[in-house]
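Construct the entire structure; sequences and hints are all you get.
If you count the sequence shown from 1, position 80 lands on 80 in UniProt numbering, and the numbers rise without skipping.
Since the hints were made in silico from the structure, they are not lab data. Among the clues, some could well be false.
[As the list claims (entries may be wrong)] Below 27 Å or equal to it, Euclidean Cα-Cα: the simulated DSS-like pairs (lysine-lysine) are:
(1) 24 <-> 81
(2) 24 <-> 74
(3) 24 <-> 73
Small disclaimer: the values here were computed from a predicted structure and weren't measured.
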Amino acid sequence: MLNRKCDAIFFPNFPQLDPLDQAKLDLMSVYTLNSLFWMYLVTQGINPREHGIKQELERIRTYMNRVKEITDKKKAARLDKGAASRFLRNALFDPESKQPKKAASKKPADATSDISNAKRPKQS
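This is the structure we're talking about:
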């Protein structure tokens, strides 16, 4: 609760952000604060690698990696089924084989299959 109030004070547009951007902002803030504490420990002569701050920074990095994976999934290519079907329909379109519907309905089924076989190139 205190974290949300601090975010609202320092970042007035925080509530308008989507949850993913809020998580990114929170992680960036926490990582920055912990990095500053790391530097403070170094200036005081304390080895930060043996301090609990190291585990905290590693934990924050794992969360940052999770957010990055989610962001990458959102950016991943998706199949547009409508566009794919239009692409295939137009790629397979043969204007010469188009016949009026009335003429095609009067011919027997065997005659139409002979026409489609006659237009195919012979394989050697």
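Can you name, in rising order, the numbers of the hints this structure does not satisfy?
-> 1
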